[in-house]
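Peer 1: Fit chain B to the given chain A structure using the hints.
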Amino acid sequence: MRVLLRRGFFYLVTAWAAISLNFLLPRIMPGNPADALIEKFHGKLSPTAVQALRVLFGQSHASLWQQYLDYWHNIFTGNFGTSYAYYPTPVSDVLGQSIGWTLVLITVCTVLGFVIGTTLGMIVGWKRGSRLDSLIPITTLLSSIPYFWFAICVVLVFAIILKWFPLSGGYSVTETIGLNWGFISSATYYAVLPALTIVVASIGGWLIGMRNMMVTTLSEDYVKLAEAKGLPKRRVMFTYAARNAMLPSFSSFAMSLGFVVGGSIVTEVVFNYPGIGTVLFKAAQAQDYPLMQGIFLVITVTVLIANMLADLAYVFLDPRTREG
Amino acid sequence: MAITTATVTEAETTDSTGTSRFAWLRAFKRPWTLTGIIVVAVFCVLAVIGPWISPYDPSQVSKTTLAPPSLHHLLGTTQTGQDILSQMLYGTQVSMIVGVLAAVIATLLSVIVGLAAGYLGGISDEVLSLLANVFLVIPALPLTVILAAYLPKTGSFGIILVISITGWAWGARVLRAQTLSLRKRDFVEAARATGERTSSIIFRDIFPNQVAIIAASFLGTVTGAILTQASLAFLGLTNVTEWSWGTILYWAQVSSALLTGAWWWFVPAGLAIAFLGTGLSLVNFGIDEFINPRLRQAGIGTKKAQRAQVKAKRMRSVKRRTRDHDRGPVVPYRPGSSDVILELDGLRVDYVAESSVTTAVNDVSLTLRRGEVLGIAGESGSGKSTLAHAITRLHKPPAEISAGTMTYHNADGSTSDILTMSDDELREFRWEELAIVFQSAMHALNPILTVGAQIEDAIKAHRPQMTTHERAARVLELLELVGIQADRVSAYPHELSGGMRQRAMIAVGLALDPEIIVMDEPTTALDVVIQRQIVEKIIELKDRLGFSVIFITHDLSLLIEMSDTIAVMYAGRVVELADADEFYRNPRHPYSQGLLNSFPTLSGPKRELTGIPGAPPDLRKLPTGCAFNPRCPLAFDRCTNVVPPLFELAGRAEWRQAQAACLLYEGDGQAGQAEDSDDATDRVPQEAR
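Chains A and B are the protein sequences, given in the same order. For the first sequence, this note's numbering gives the first residue as 1, with consecutive numbering after it. For the second sequence, this note's numbering gives the first residue as 325, with consecutive numbering after it.
So that you can see chain A by itself, here it is in the shape it has in the complex (with noise of 0.2 Å):
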């Protein structure tokens, strides 16, 4: 238990240090980004708008400090401001809209990618030096292939050559949002491109992880034990070999998620997937800075959830982090 403690300490310090770094950044940042924001909505924006930008970026009266516990405040009351990009729509409301979509997607993603590519991996790194070799080179393609130009070849065969799926968005105009047959129908059959993009990606990563740790894990004495004991293959393969060599992949799942959101924040914008990652693109382009804040501090938290999701599902997986 001592363990989850510490990476619950540990996650309350990294939240801080990206909740943090989110106030500095605009107030550190060279030029004055509010003045030409200002300058280019003139007219457009309401007193109150152009007193919040002030704020956000650091030109307000009170001190530093003060200006800080304001910003947690508003954190903890979900006030992020006015999108400039959405203009008048809040923050939050443009959060909310968006954060759906991409989090049923990133899950779907992670989770298929995971087990697929861990799978294979689990063979493939088994049946070391068989044919089966041969398929490291050509996924090590796969995975070096950048997320978004994989999205546009995918859409150039399967929605403008076959014409099987939809070229973009993420449901058909005609259906209306909500827990009915024919919108998530819908929303399945737009998802597909953007899924299989992101699967197979991100399937070359896991795979040669998972390969490499398994042909390491096979000279283990423990894995030559349980064959000496004559234990069926595959319980030899999965009990003894694979449930080991996937171990390490939870440790280092942070990076690996990193990876596969930052992709997918990019094929959405290829999809224009109504999620997060296209609307961090329409206020980045916009220069819509509390926007930006309010995406990267979702994301961020998202992110910090699923590392902590994947921590006690490596407790779970591994009784020598239990003791103690």
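Don't read these hints as lab results, they were simulated from the structure. Keep in mind that a hint or two might mislead.
[What the hints assert, rightly or not] No farther apart than 27 Å at their CA atoms in a straight line, the calculated lysine-lysine pairs in the DSSO-like style are these:
{"id": "1", "chain 1": "A", "residue 1": "Lys282", "chain 2": "A", "residue 2": "Lys127"}
{"id": "2", "chain 1": "A", "residue 1": "Lys127", "chain 2": "B", "residue 2": "Lys720"}
{"id": "3", "chain 1": "B", "residue 1": "Lys866", "chain 2": "A", "residue 2": "Lys127"}
{"id": "4", "chain 1": "B", "residue 1": "Lys508", "chain 2": "B", "residue 2": "Lys387"}
{"id": "5", "chain 1": "B", "residue 1": "Lys720", "chain 2": "A", "residue 2": "Lys233"}
{"id": "6", "chain 1": "B", "residue 1": "Lys784", "chain 2": "A", "residue 2": "Lys233"}
{"id": "7", "chain 1": "B", "residue 1": "Lys720", "chain 2": "B", "residue 2": "Lys861"}
{"id": "8", "chain 1": "B", "residue 1": "Lys945", "chain 2": "B", "residue 2": "Lys866"}
{"id": "9", "chain 1": "B", "residue 1": "Lys784", "chain 2": "B", "residue 2": "Lys861"}
[What the hints assert, rightly or not] In silico contact screen, one side only, chain B against chain A (beta carbon under 7 Å); selected entries:
{"id": "10", "residue": "Ile462"}
{"id": "11", "residue": "Leu465"}
{"id": "12", "residue": "Ala473"}
{"id": "13", "residue": "Leu551"}
{"id": "14", "residue": "Leu559"}
{"id": "15", "residue": "Phe590"}
{"id": "16", "residue": "Ala596"}
{"id": "17", "residue": "Thr602"}
{"id": "18", "residue": "Leu718"}
{"id": "19", "residue": "Ile760"}
{"id": "20", "residue": "Ile772"}
{"id": "21", "residue": "Gly807"}
{"id": "22", "residue": "Ala810"}
{"id": "23", "residue": "Gly918"}
{"id": "24", "residue": "Asn921"}
{"id": "25", "residue": "Pro957"}
The model shown is predicted, which means the values in this text are computed figures rather than measured ones. Beta carbons: idealized from backbone N, C-alpha and C, even for Gly.
Peer 2: Structure of chain B alone, referenced to chain A:
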């Protein structure tokens, strides 16, 4: 790669320490690694000469708009008639510069943080690791996008900074772990003891040992940086008038190249990124294989070698009948017994490398009788562990049994040829008849299964008819047998003490009441007191259950005490085989004499310890004739020409007759003629077949 020492485990340790700091360059010889290097080199050259060889100005517009690839425009043109090949060539330069510079800065950061954290330890380590972990967990791309948006249109330099700030954490974490383990190594301790300055220890002693890891982390960051730059450029967050692979894709996307079907516009840039990334990854695999020698061994295990675990000619196997589990009353072993249970004849195990064959076990013939304890002694590299693995057919490529037979005598009088068993027959035979106990229980027990589960799964695999309840009862019975309390049944291996773990190992070995237990240095990792307890336990269990033991160790005094018969191995051959008492009183082979004089015994008369001059032989370069002759105090001329066979020696009638492979005894007994010197060439490593 040649196998440097006889056993696989030893080969590993020798390799991983690496004799030369630049040994990692050897990894570049593998074909895939070489492919990677060539790909990366081509891109580097293009990055340098790109602008000179590009046929057009990349920004120059022309009237041939959206032209597919042709002789004039090898990669076609854009919507405004710009030449895509020229854009690609210019783009290579920008993308590579961003990738390499960002990776240089990120790697510098990770080296500084990693080395400092790992070496300094304490509070600095805590803070720096926390920093690295925080940066690792914060998703990099969103942060990069935001940073890039704050620094609009700053061009490549800003992008390089942004990428390196978000990309250093992983390398730092790996380097820290590596430094931490290096710091405890002898040579660093020595440097510290001599009062070397911290900075000079870090840079002179630790840094060079991490070149491979730093290189791997650098190449990985280059890939990451090029990908990130491409993503940012594609999103239009960089200076879009500066040509890079990402900018080409940006313009293609903005101009709806997809909808107009202009595939040539975006295909080359993506492929370039993918190929460069693949090239860098392939180079990295080469480095990985250097860092982790086990990965390299996987490459040796070609399909052919996997299948050819046993090279000796296959014969029709006699179908083994299912064993009668009641073995009858325990009959204690008596010297001179002829109740043979396992017979090895002319067994030979080779390590087959690409260009050479190293023989680790050479022409070994042994018989094990029911209830007997056969001790096998020898220095490391004498082939005793390889022999243990070969007996259980657990050896892995590149090891292969190239000659000899192994015959198992079933209780009902029938025999089975172990070498010709199919996978299924082997699985049935293992543990039921023959179990093995490894040197380190710490490594031989699965860390994620409870001790009970690891005993139970062996029972379940072989006795499917037993109920869960019966199995659980049997597990408890076994634990009690080896002296482990019943409540530890659900303990994990790491929760047990070293002695308990070894007992648990023995309980696993006894699970199916096997006829033979091979014990490969079962007590070496334990302290003397625990060692004694374990040995007494083994003897007690043997007397009670009546199994036979092949006990392998370099600890001769222990061996003499517990064995009935002793076989001494040197350079892969059995050089002496004798009854334990006879051996202790009257060792015949000069090597055995030397061994006995270098070990104090736990009991028995005092004597002067002398030891053996010289070092264990290099199996790849064995001396001609008797392998022991360079170290032998009694060697004479003929010893360098003739490989001595085992000569039968006169001993007391009721014992197994002693045998020694030494020319001193030529003519003493009635053994066959010594092999001629022509044959001696057969004993040195052979050319590849």
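Peer 1: If you test the structure against every hint from before, which numbers come out violated?
Peer 2: 1, 3, 4, 7, 8, 16, 21, 22, 23, 24, 25
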